[in-house]
Structures are given as structure tokens and as C-alpha cells.
Amino acid sequence: DGGITQSPKYLFRKEGQNVTLSCEQNLNHDAMYWYRQDPGQGLRLIYYSQIVNDFQKGDIAEGYSVSREKKESFPLTVTSAQKNPTAFYLCASGQGEGGYTFGSGTRLTVV
Amino acid sequence: SQQGEEDPQALSIQEGENATMNCSYKTSINNLQWYRQNSGRGLVHLILIRSNEREKHSGRLRVTLDTSKKSSSLLITASRAADTASYFCATAPNTGTASKLTFGTGTRLQVTL
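Going down the list, the sequences are from chains A and B. To convert, note that position 43 of the first sequence is 41 in this note's numbering; the numbers rise steadily by one, no gaps. To convert, note that position 96 of the second sequence is 101 in this note's numbering; the numbers rise steadily by one, no gaps.
Since the hints were made in silico from the structure, they are not lab data. Hints are not guaranteed to be accurate.
[Claimed, not checked] A partial selection of chain B residues facing chain A, derived with a Cβ cut-off under 7 Å:
no. : residue
1   : 47
2   : 50
3   : 62
4   : 66
5   : 67
6   : 108
7   : 109
8   : 111
9   : 118
Treat the numbers as computed from the prediction; the structure is a model and nothing was measured. Beta carbons are placed, not taken as given, at the ideal position from N, Cα and C, and that holds for glycine.
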């Protein structure tokens, strides 16, 4: 079955630590996206990529980094510069002007 | 930035009733989409309506779009307990392809037996 896989489902980060969230898709979609969702809130765009080896900052990119070395993969690193990283992170992919397909999310907690 | 604002923020209805959610946005769009999110899960795409369309149906869902008022509504008819979820509108800008969507703040729908 085609879809998007995010891992891990739950992640705990210590102060000052970098962590990487995985996002893999087998839908052959060109575009991939990372969103952050805080409790009771909508989604805010962190980074997006429309093609391999290219990505753009979204509305809240500070403290995050991404790479797009393969079409199938778009990992997100939450760096120590992100002062409030506790949130639910959602990865999505899309093709053309159609709807997105979302992964099931990673819940990141600072301990 | 939040392009869309949903109204109401929360809605509680009984099974069998209709649920209506509204979305307002600020800039010109290529299309508007509605998504559903069950608690703690990813979003699921429900329906897409293009800027030159006024109404669209899919099963028990009916979406309208009024570009002059920059607003859309989602109607769920004959609601079921399984419809309990948060619903988000998302807008695609009127430029380019593989458009990055901007999501609204969502409406939390509770359907009780």
C-alpha cells in the first residue's frame, strides 16, 4: 500500500540535544512538507521541498533543518536552537494541485 | 501565518443531525481543501474545491465556496459518532504548482449518541 511513514511515533529530547524525525513516502510524490501542530492549534509550515536536493523555509523554520537527498525521504532535524520543540510534527506529501497525504505524526517532548 | 479561520471553534451535535463548519480566508486562492483529523493522528484529505467551482459533493459531505466573500462551508449530513474529529480548511495560493497549503485553526466536532 502506498503511503507515508513517520518514525518514531514518540520521541523525547533532552535540553541541548538535536533529534531527527524520519519521513518516508512511496507515493512517488515530488513535494514533501513538514508541519508543526501545537495543542488545540492549526498546522504551521516548517519546511517544504518541491524537488530532490531543493527545499524552502516555511513560516517557522528557525531551529529546524531538513535535507532531501532522495525523492522518498525528507527527514527533519530539531536542533538545540529550537527553544520550544514540544509539539506534534506532521509530514505530508503532494503532487500537483491535489490534496496532501499525511503521515501519522511524531510527538516530540522535551524532558 | 494562518490563512484560514474556522468557525465555530467547537461544535457538539447529536447523531443524525447535520453539522456545518465555516472557513474564511484572506488572499486569492487556486483551491480550498478540507481535512479531518482524529485525535492524535495525521490529517485525512476529504474534498477539494477549485476557485471556479461553487459547490461540490462527496457522499455525506457538501462543500460550498464563495470567492467574493473569501469563505467556504463544509456540511456533514446525518452525522455519526465516527464523524467526531477536528476539521481543517486549507488554502492553496493562486500561484505555481505543488502549492504549499496554509491551514486554518480547525473546528472540533463532537457527535454524541
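Against the structure, the hints:
Interface hint status for residue 47/B: upheld, as the beta-carbon distance to the closest one in chain A is roughly 4 Å, under 7 Å. Among the interface hints, the one on residue 50/B holds; its C-beta lies about 3 Å from the nearest C-beta in chain A, closer than the 7 Å criterion. For residue 62/B, the interface hint is violated, since its Cβ never comes within 7 Å of a Cβ in chain A; the closest pair sits about 16 Å apart. Nearest Cβ of chain A to the Cβ of residue 66/B: about 13 Å, over the 7 Å cut. The hint is violated.
With 7 Å as the threshold, the beta carbon of residue 67/B stays out of range of chain A, its nearest partner Cβ sitting at about 17 Å, so the hint is violated. The interface hint given for residue 108/B holds, since its Cβ lies 4 Å from the closest Cβ of chain A, which is under the 7 Å cut-off. The restraint placing residue 109/B at the interface with chain A holds, with a minimum CB-CB distance near 6 Å, inside the 7 Å limit. The restraint placing residue 111/B at the interface with chain A holds, with a minimum CB-CB distance near 6 Å, inside the 7 Å limit.
Interface restraint check for residue 118/B: the shortest CB-CB distance to chain A comes to about 25 Å, outside 7 Å, so the restraint is violated.
The structure fails hints 3, 4, 5 and 9 (numbered hints given earlier, in ascending order).
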